[in-house]
Amino acid sequence: MFLELEAIYVGKPGQNLDLSGYELGSRIELTETKTFNEAPNLVDVGLLLGISVPDNGVDPYEIESGLLLYKRAGPWRMTGNLLFEKEFGNSNSGDVEMGYAGQVRYRLTPSIQPGVELFGRFGVLGDFSLGQEQQKVGPGVFGFMEIVEDISLKYEFSWLFGYTSPTPKHSLKWLFEFEYRY
Numbered sequence: 106m107f108l109e110l111e112a113i114y115v116g117k118p119g120q121n122l123d124l125s126g127y128e129l130g131s132r133i134e135l136t137e138t139k140t141f142n143e144a145p146n147l148v149d150v151g152l153l154l155g156i157s158v159p160d161n162g163v164d165p166y167e168i169e170s171g172l173l174l175y176k177r178a179g180p181w182r183m184t185g186n187l188l189f190e191k192e193f194g195n196s197n198s199g200d201v202e203m204g205y206a207g208q209v210r211y212r213l214t215p216s217i218q219p220g221v222e223l224f225g226r227f228g229v230l231g232d233f234s235l236g237q238e239q240q241k242v243g244p245g246v247f248g249f250m251e252i253v254e255d256i257s258l259k260y261e262f263s264w265l266f267g268y269t270s271p272t273p274k275h276s277l278k279w280l281f282e283f284e285y286r287y
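Numbering-wise (my numbering), the sequence shown opens with residue 106 and increments by one.
I should point out that these hints are in silico values taken from the structure, not numbers from a laboratory. Just so we're clear, the structure is a prediction, and the values are computed from it rather than from any experiment. Ideal Cβ positions, reconstructed from N, Cα and C, are used throughout, including at glycine. One or more of the hints may lead you astray.
Stated by the list, open to error - DSS-like, lysine-lysine: derived pairs with alpha carbons at most 27 Å apart:
1. Lys259 - Lys278
2. Lys176 - Lys278
3. Lys259 - Lys117
4. Lys274 - Lys117
5. Lys191 - Lys278
6. Lys176 - Lys259
7. Lys117 - Lys278
8. Lys117 - Lys176
Said to hold, decoys possible - Here are the simulated distance ranges between beta carbons:
9. Val163 - Glu134: 25 to 31 Å
10. Phe189 - Val209: 21 to 27 Å
11. Glu137 - Pro273: 19 to 25 Å
12. Met250 - Asp164: 23 to 29 Å
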């Protein structure tokens, strides 16, 4: 099980990044991921549970859950996530929305893994409209560096292209994850 605490920053071109909220999440592994020298599972399966809390008191809270899938095939790494979100409190919409995220990476070394990433939304359960939701895809570079025993840094940079009208034409997604195992 992994527990994560995130600060969420949002900004528009030419403006500073502003803190918009916090997210507390937990990833639960249902299958044990094999080490690099062991034969991989057919597919590794996990669950995601999380809550987002807005910083401004106006935006809604959000509960997120999802199915996490991971596949290792030689130097290739693939993830596919099916996500469900429900807003509540403040400007509550009441609807459950469904989305997806995925990556395909090629592991040159643990710290250099080029690949492709995609994100999107299907829409409200029972009323899917892919063309009216945000859809993004683009190249990225990903990696993992062990700093000292039990302390590591994970990074992800992606240049994403929107291919539906509600999606920005270009987005830069970046993530730094400091991991401490105890």
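Are Glu137 and Pro273 spaced within 19 to 25 Å by their CB atoms? 39 Å, violated
Would you check the hint for Lys117 and Lys176, treating anything up to 27 Å between C-alpha atoms as holding? Violated - the C-alpha atoms of Lys176 and Lys117 are around 35 Å apart, more than 27 Å.
Decide if the proposed pair is consistent with the structure: Lys117 and Lys278, CA atoms, cutoff 27 Å inclusive. 13 Å, holds
Hinted pair, alpha-carbon criterion (27 Å max): Lys259, Lys117. Please report holds or violated. 25 Å, holds
Does the beta carbon distance between Phe189 and Val209 stay inside 21 to 27 Å, or does it fall outside? 23 Å, holds
Does Lys278 sit within 27 Å of Lys191, going by the straight-line distance between their CA atoms? 23 Å, holds
Given the hint that Lys176 pairs with Lys278, does the C-alpha gap stay at or below 27 Å? 23 Å, holds
Just to be careful, I want the Cα atoms of Lys176 and Lys259 compared with a cutoff of 27 Å; is the pair within it? Holds - the C-alpha atoms of Lys259 and Lys176 are around 18 Å apart, at most 27 Å.
Between Lys259 and Lys278, does the CA-CA distance stay at or below 27 Å? 14 Å, holds
Verify the CB-CB distance for Val163 and Glu134 against the hinted window 25 to 31 Å. With a Cβ separation near 36 Å, Val163 and Glu134 fall outside 25 to 31 Å, so the hint is violated.
For the pair Met250 and Asp164, does the Cβ-Cβ distance stay inside 23 to 29 Å? Given about 34 Å between the Cβ atoms, the range is violated.
Straight-line alpha-carbon gap Lys274 to Lys117, limit 27 Å: 13 Å, holds
In this structure, the hints that do not hold are numbers 8, 9, 11 and 12, in rising order.
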